[in-house]
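Chemist: Spelled out from the first residue to the last, the chains are:
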Amino acid sequence: MSAAHPLVRCPQAAADLLLRDVRVLDPRARIDGRHDVRVRGGVIAELGTPEGLEPLEAEEIVEGQGRLRLLPAFFDPHVHLRTPGQEHKEDLETGTRAAAAGGYGGVIAMPNTDPVLDSAPLLRSVRDAAAREARVAVGFLPAITRGLAGEQLTEMAELMEAGALGFTDDGQPVQSAGMLRKALQYQRLCGGVIALHEEDRTLSRGGSMHEGALSAALGIRGIPTIAESTMVARDAEVAGYEGARVHFQHLSCRASAETVAAAKQRGWMVSAEVTPHHLLLTEEDVRQLDTRMKMHPPLAGEDDRQALVEALRSGTIDCVATDHAPHARDEKEVPFEQAPMGTTGLETAFAALHTGLVLTGTLDLGLLVERMTAGAGLFGLPLPLIERGEPANLTLVDLDAEWVAGEHGWESRSENCCFAGRPMRGRVLLTLAAGSIVYRERAFSVVAA
Amino acid sequence: MNHLLSIGDLDRAGIERIITQAARFAEVSDREIKKVPALRGRMVLNLFYEASTRTRSSFELAAKRLSADVVNFAASGSSVEKGESLKDTVLTLSAHKPDAIVLRTPWAGAAELVSRWCSAAIVNAGDGQHEHPTQALLDVYTLQQRLGGLDGASIWIVGDVTHSRVARSNIIAFQEMGAKVTVAGPPTLIPRRIEELGCEVRFTLDELDGADVVYALRMQRERMTETWVPSLREYASWYQINGRRLGPRQVLMHPGPVNRGVELSGDVVDSPQAVITAQVEAGVVVRMAVLYELLAGAKEPDPVARRQTAPQPA
Chain A
56 MSAAHPLVRC PQAAADLLLR DVRVLDPRAR IDGRHDVRVR GGVIAELGTP EGLEPLEAEE
116 IVEGQGRLRL LPAFFDPHVH LRTPGQEHKE DLETGTRAAA AGGYGGVIAM PNTDPVLDSA
176 PLLRSVRDAA AREARVAVGF LPAITRGLAG EQLTEMAELM EAGALGFTDD GQPVQSAGML
236 RKALQYQRLC GGVIALHEED RTLSRGGSMH EGALSAALGI RGIPTIAEST MVARDAEVAG
296 YEGARVHFQH LSCRASAETV AAAKQRGWMV SAEVTPHHLL LTEEDVRQLD TRMKMHPPLA
356 GEDDRQALVE ALRSGTIDCV ATDHAPHARD EKEVPFEQAP MGTTGLETAF AALHTGLVLT
416 GTLDLGLLVE RMTAGAGLFG LPLPLIERGE PANLTLVDLD AEWVAGEHGW ESRSENCCFA
476 GRPMRGRVLL TLAAGSIVYR ERAFSVVAA
Chain B
171 MNHLLSIGDL DRAGIERIIT QAARFAEVSD REIKKVPALR GRMVLNLFYE ASTRTRSSFE
231 LAAKRLSADV VNFAASGSSV EKGESLKDTV LTLSAHKPDA IVLRTPWAGA AELVSRWCSA
291 AIVNAGDGQH EHPTQALLDV YTLQQRLGGL DGASIWIVGD VTHSRVARSN IIAFQEMGAK
351 VTVAGPPTLI PRRIEELGCE VRFTLDELDG ADVVYALRMQ RERMTETWVP SLREYASWYQ
411 INGRRLGPRQ VLMHPGPVNR GVELSGDVVD SPQAVITAQV EAGVVVRMAV LYELLAGAKE
471 PDPVARRQTA PQPA
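Read top to bottom, the protein sequences are chains A and B.
Using my numbering, read the first sequence as starting at 56 and increasing by one per residue.
Using my numbering, read the second sequence as starting at 171 and increasing by one per residue.
Quick caveat, the hints were computed from the structure, so don't treat them as lab data.
Being a predicted model, the structure only gives us computed values, none of them experimental.
Any given hint could be a false lead.
A few chain B residues that face chain A, going by a derived Cβ cut-off under 7 Å, partial list only [claimed, not checked]:
#: 1; residue: PHE218
#: 2; residue: GLU220
#: 3; residue: ALA221
#: 4; residue: LYS252
#: 5; residue: GLY253
#: 6; residue: LEU261
#: 7; residue: GLY279
#: 8; residue: ALA280
#: 9; residue: LEU283
#: 10; residue: ARG286
#: 11; residue: SER289
#: 12; residue: GLN299
#: 13; residue: ARG335
#: 14; residue: ARG338
#: 15; residue: LEU367
From chain A, some residues computed to sit far from chain B (all C-beta separations above 12 Å) [said to hold, decoys possible]:
#: 16; residue: ALA184
#: 17; residue: GLU188
#: 18; residue: GLU216
#: 19; residue: GLY267
#: 20; residue: LEU344
#: 21; residue: ASP385
#: 22; residue: GLY416
#: 23; residue: GLU425
#: 24; residue: PRO478
Quick reminder that beta carbons are idealized off the backbone N, C-alpha and C, glycines included.
Next up, chain B with everything else stripped away, as it sits in the complex (with noise of 0.2 Å):
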C-alpha cells in the first residue's frame, strides 16, 4: 500500500491487518514511555485545509508515538490565505521531503489529487464529503475490541448522511467485514440513491431496536441555513438517539464532536452502551498501525518489541 485516499483501497484482510497491528500497538500505550523508535528519522506533514482539533492531534500523536518527526501545516494564516494553490502549497511543502503528508481538505478527490504531485504517502483524513478511511478503520477496531467481530452484526447510521464523509467511509468498511448497514435520517439528508452502495434506507428510527450499533452522526448546525431541516427541534424528536430509543444490549458510536440534546440526548452519551472516548483512544493507535503500515511496512523488525540492548528514544 502506498497510499490511504479511500477505504475501498484496502480488502477485508488489508482492514484486519491494520486492526491487528493497532491491537499490538495499543499495548505501547500502557507503557511509561509511551513511544516506540519504528518511525525514527521519518517526517510526517499534517496538512490540514479545515478545522480539525481530534483527528489533527490523533495524527500528531500517532506520529511522534512512532518517534517521527511532525510538522503540523494549518491552511488558516498560512500561504493559502494569500491565495497559494492547492498544488503550489503542495509542492512548496514537498521540498522538506516528507515520507507521509495527511491531508484534510473541504474536496472530494483532493487527496488522490495530491498523491499524484508529490513522492509522499498520503493518507487521507477527510477529502470534502467524500471519505475518511481512519475514521472507519478506528470504528471497525473499536467494534471489534466491544464485539469480537462485525460479521452478520446490523449497523445503523443515523443523521446526516448527505454531508457526511464519515458515513460514505464506514457505509463501505462495515460492509467489508460482513455487517449489514442501514442509513437513516430525514430525506433531505439521505442522498438519491445512496442504497446501491449497498446499505438499506430508512426515514424512520422505527425499526431500530433491531440493531446491534447505532451509528449517530453529527447534526451540523449550519445545515440549518438551507433548510435542510425545518428546526433542530424536529429533527431531535424524531432521529436523536437517546434513553428511550437505545436498547441496553445496543453499542452506540459517534464519530465526535457530540451536540448534545440534537443528535444524543446526554443520558445515552454518558452510558455504558457508549464507546465513544474507546473510539477516540482508537484513534491514535490505528493511525499508528497505518503510518507505520505506509512507512515502515512488513521490511521493518516488530516494532513492539521492547529492545533491551538499544535505549529507547527520549
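Isolated chain A (complex conformation) (with noise of 0.2 Å):
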C-alpha cells in the first residue's frame, strides 16, 4: 500500500496571471529583481525583464509598477484549525482562508482536537474535509498518544500511510522519556517527523504567564523558563541517542535555543520553530492582562526575545510558525488566569516581523522570507521556488501599506489576535497556493486584459 499524499486542499481554477513588473525575491531561486512573471494553468511559465512580456488573452494582469514584491508564499508548520469539535473558534474553511490573507500557501494542523486526531479513520475523514473545504494546503500531525495522554501510542505505521506528515501531542509534552523514546525508535518503522511541545508540567503547573518580576508583583503564578529548557534538553539527548528526528515546537527563551544550538553541532536530527510573538513580544506586553496576551509558552524576558531573534537569523532556529489558535470571544473575555492559552497569528505574521525585525534593520527581509517558507522542507514537503515550471505558490506583498492590525476585521472565525490595534507596515495584497488564486486583498484590483 502506497502512502496518500500529506497535503489536501479543495479543488480550484488554475491560475492565468501575468504579474508585471513585480520585484521578485527567492533567496533559495537566487532571484531579488525587477521581472514579468507569468502564471500559465497554474505553474509559473515565464520570468521575463520588466514590462517585457506581452498580455495573452484570457489572462489577468497585476500592475506592480515596479514597486509590489513577489514572494514565494509562506509556509506555517504550526497551526490549530480546530476541526473536528471546536469549529465554534475555527474550521478548514476560516482557518484556511486565515492563512490564504497571511500569504500562506500551506498549513500544517496540530491534533488538539475533539476528539484527538489519533487513528487512520478520523484522519481519513479530516483529509475528506480538507479536500471540500481547505483553501491552502493543509497537511496533518496526528497524535503521538492516544487521546494526547502519553500512556499509549497511535498507530503510526497506519497513520503514515493514510497521509500524516508526522506526530505531535502538540498542547501536552510528552511527559514520560521512556514513551518518547519508543515513539522515536517507532520512527524507524513509519518515518514522519515527531514534533514536541516542550513542558515539565512539575514546574509549569498552574502557571499563567511567564515566572518574573511581573508575575511577582501581580500575584499570578509564574511559569519558569526551565519549564521548556529542561525537557528540550532531555528530548534533544533521547533524539540523539535513538538517531531519532525530532522537531522542537513555539521555543520561548534563551536556554532553549542553545540547546538547540549544541544539539546540532553535535549532528543530531533537530530542528525548531519559533512564533512572531515570541519573536516580537514580551511579558510586558502581558502587564495590562490581556487575555490575548495568554499563550503556551508564554511571553518571557527581553533577553530571551533577544535570543530567539537571533537563534532564527542564525539558523539555530529553523522557521517561524504562527500556532495560531483560534479561541471564541466569550472563552477570551474571562479573567487572566482563567482564559485559554494562545492567540492567532495567519493574517499578522509577515506584516508584525516584517515591522518589528526588518524594518528596524534586525533581520533581512530575504531571510525572514527564507525562514517562513522553510517549515515545508522540515516535514519533506517541496519547497516554494520561483522558478520556471514549478507550481505558483506566490504572495504579492506591499511593503509600504500601512494599515493596522485587525482594523478590517478578520478572515479567521476567532479574533484573539495579541497583534490586535498595532500599527503594521506591509500588507498582502495576492496569494496563490498550488496554482490558484486563494486570496485577494479587498481593494486590490487586478486589471483584466
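Two chains, two frames, some hints: make the complex.
Modeler: Here is the structure:
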C-alpha cells in the first residue's frame, strides 16, 4: 500500500495571470530583481524582463509598478484549525482563509481537536473535509499518544499510510521520556517527524504567565523558562541517542535556543520553530492582563526575545511558525487566569515581523522570507520556489502599505490576536497556492486584459 | 477616583485623605445611632466569588452605616454554579443599577475587567493573589492610630508572601507612606524578584528585632498539599511569631483569620502588642471612607455633622 499524499485542499481553478514589473525576491532561487512573471495553468510559465512579456488572451494582469514584491508563499508548520469538534473557534475553511490572507500557501494542523486526531479513520475523514473546504494545502500531524494522554502510542504506521506528515502531542508534553523513546524507535519503521511541545508540567502547573518580576507583582503563578528548556535538553539527548528526527515547537527562551544550537553542533537531527509573538513581544505586554497575550509557552523576558531573534537569524531556529490558536470571544473575555492559552497569528505574521524585525534593521527581508517558508522542507515537503516550471506558490505584498491589525476584521472565525490594534507596515495583496488564486486583498484590483 | 482597583491607584495624599475621613467616621461608630445619611438611596452590591466572612460583613456594615441599600450576592448557590460567566453575571446584576460593586474573586485583574463592563464604581475586595487594597488602607489606618505615622518605620511582613494579596497591597501602601518593608518567609513561599517592588527579602527571622511592626500572614493549610513547606510543625518552628520572638515595643498585626499555633502563638494573639481586633474595627470605618469617596466624593455636605433639623434615618 502506498501512502497518500500528505497535503490536501479543495480543487480550485488554475490561475492564468501576468504579474507585470514586480520585484521578485526568492533567496533559494537566487532571484532579487524586477521581472514580469507569467502564471499559466497554475504553473510559473515565464520569468521575463520588466514590461517584457505581452499579455495573452484571458489572462489577468497585475501591475507591480516596479514596487510590489513577489515572494514565495509562506508555509506554517504549526496551526490549530479546531476541526473536528471546536468549529465555534475555527474550521478548515475559515482557518485556511486566514492562512491565505496572511500569504500562506500551506499549513500543518495540530491534533488537539475533539476528538483528538489519533486514528487513521479520523485522519481520513478530516482529510476528506479538507479536500472539500481547505483553501490552501493542509497537512496533518496526528497525535503521538492516544488521546494525548501520554500512555499508549497511536497506530503510527497506519497513520503515515493514511497521509500523516508526522506526529505531535502539541498542547501537551510527552511527559515520560520512556514513552517518547518508544515513539522515536518506532519512527524507524514508519517515518514522519516527531514534533514536540516541551513543558515539564511539574514546573509549569497552575501557571498563567512567565515567571519574573511581573508575575511576582501581579500575584499570578509564573511558568519558569526551565519548564521548557529542561525538556528540550532531555528530548534532544533522547533523539540523539536514538538517531531520531525531532522538531521542537514554539521555542520561547534563550536556554532552549542554546540547547538546540548545541544539539545541532553534535549532529543530532533536530529542528526548531519560533512564533512571531515570541520574536516581538515580552512579558511586559502582559502587564494589562489582556487575555490575547496569554499563550503557551508564555511571553518571556527581553533577553529571551533577543536570543530567539538571534537564533532565527543564525539558523539555530529553522523557521517561523504562528501557532495560530483561535478561541471564541466569550472564552477569552474572562479573567486572565481563567482564559485559554493561545493567539491567532496567520493574518499578521508577515506584517508584524516585517514591521518589527525587517524595518528595524534586525533581520534581512530575504532571510525572513527564507524562514517563513522553510517549515515545508522540515516536514519533507517541497519548498516553494519562484522558478520556471514550478507550481505557483506566490505572495504579492506591498511593503509600504500601512494598516492597523484587525481594522478590516479577520478572515479567521476568532479575533484573539495579540497584535490587534498595532500599526503594521506591509500588507499581503494576493496569494497563490498550488497554482490557484486563494486570496485577494479587498481594495486591490486586478486589471483584466 | 472612580474605582478602587489597586492600592497603586492612590498616592500618599489619596491614602491620607481616606484615612482622615475614616477617623471622622470612627466617631459615628461610638454614637447610639451608628448611622449617617450620606449614601441614602444609593445601592452597594457585594459580589463575592470566594468565601469571606469579615471582609463581606465589614463592607455590608460600612454601607449600612452610610444608609446605602446593600445586596449580597455570593457565587455559591447562584447562577454562577449553573455556568454563568463573570461577564454575564455582572451584566445581569448591573440591570439593578448598583452605584458600587464590591468584588471578591479568585482571579487577578478581575476587578479591573469588571470596571470595563459596567458603570458602577468598583471596589476590589481581593482579586486572586494580586491585591486587596482596602485591607492595606485599614492596616495603614491602624498603624497611624497606633504609631502616629509610618515614616521611617520598619515593617516586617512574615509568612506566605507568594499566595498573599494582602502582602502585595501592603508592600506598596506601607512604602508609599514612608515605611521600610522587609518580607520574610520560607524561600518556597517568597516569589522570585519580589524585591523589585522595593522591599527587602529575608529567609529567617534573625533580624526581626529591628522591626517596629511585625505583620504575620495567614499560613493556609491547603498549601501543604503541594508541599510548599515540609510540615506546619517545621514552619512554626522557623517562622511562628511567639513570645520569644516578639519584643515588647513591637506592634503585631494579622489580616485574620488567625491559625493559633501556626503563624502566631496563642499568647501573642492576646498580648497588648497585638492590634488584630483594632484592624477589624478599622475595616468598617475605612470602608465607609472608601464608599463615601467613590459615591459621594467632595460634592456632598459634611457627612458626620449632626443634622439638628433633619431626623436621622432609622
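Chemist: Evaluate each hint against the coordinates.
Modeler: Hints versus structure:
The interface hint given for B/PHE218 is broken, as the beta carbon of that residue sits about 15 Å from the closest beta carbon of chain A, more than 7 Å. The beta carbon of B/GLU220 is not positioned within 7 Å of any beta carbon in chain A (closest approach about 13 Å), and the interface hint is therefore violated. Checking B/ALA221 against chain A by beta carbon gives a least distance of about 18 Å; that is not within 7 Å, so the hint is violated. Nearest Cβ of chain A to the Cβ of B/LYS252: about 16 Å, over the 7 Å cut. The hint is violated.
For B/GLY253, the shortest C-beta to C-beta distance to chain A is roughly 12 Å, which exceeds 7 Å, and the interface hint is violated. The interface hint given for B/LEU261 is broken, as the beta carbon of that residue sits about 11 Å from the closest beta carbon of chain A, more than 7 Å. Proximity of B/GLY279 to chain A holds as hinted, the smallest CB-CB distance being about 4 Å (cut-off 7 Å). Given the 7 Å rule on beta carbons, the hint for B/ALA280 holds: about 4 Å separates it from the nearest Cβ of chain A.
Because the closest C-beta pair between B/LEU283 and chain A is about 6 Å apart, less than 7 Å, the hint holds. For B/ARG286, the suggested interface contact is broken, since its CB lies about 10 Å from the closest CB of chain A, more than 7 Å. Hint status for B/SER289 relative to chain A: violated, with the closest Cβ pair at about 18 Å, above 7 Å. With a cut of 7 Å, the hint placing B/GLN299 at the interface with chain A holds, because the nearest CB-to-CB distance is about 3 Å.
Evaluation of the B/ARG335 hint against chain A yields a held restraint, the C-beta minimum of about 6 Å falling below 7 Å. Interface restraint check for B/ARG338: the shortest CB-CB distance to chain A comes to about 5 Å, inside 7 Å, so the restraint holds. Given hint, B/LEU367 at the interface with chain A, holds; its Cβ is 6 Å from that chain's nearest Cβ, closer than 7 Å. With a cut of 12 Å on Cβ distances, A/ALA184 stays outside the contact zone with chain B, its closest approach being about 30 Å.
The Cβ of A/GLU188 lies farther than 12 Å from every Cβ of chain B, with a closest approach of about 31 Å, so its non-interface assignment holds. Every beta carbon of chain B lies more than 12 Å from that of A/GLU216, the smallest distance being close to 43 Å; the non-interface claim holds. A Cβ of chain B approaches the Cβ of A/GLY267 within 12 Å, the least distance being about 6 Å, so the stated non-interface status is violated. Residue-level check failed: A/LEU344 sits 4 Å from the nearest beta carbon of chain B, not beyond 12 Å.
Once the 12 Å rule is applied to beta carbons, A/ASP385 is inconsistent with being away from chain B; the minimum gap is 7 Å. Distance check on A/GLY416: its Cβ is at least 31 Å (rounded) from any Cβ of chain B, clearing the 12 Å threshold; non-interface status holds. For A/GLU425, the shortest C-beta to C-beta distance to chain B comes to about 38 Å, beyond the 12 Å cut-off, and the non-interface label holds. Even its closest Cβ contact with chain B, about 23 Å, leaves A/PRO478 beyond 12 Å, as expected for a residue assigned away from the interface.
The structure shown violates the earlier hints numbered 1, 2, 3, 4, 5, 6, 10, 11, 19, 20, 21.
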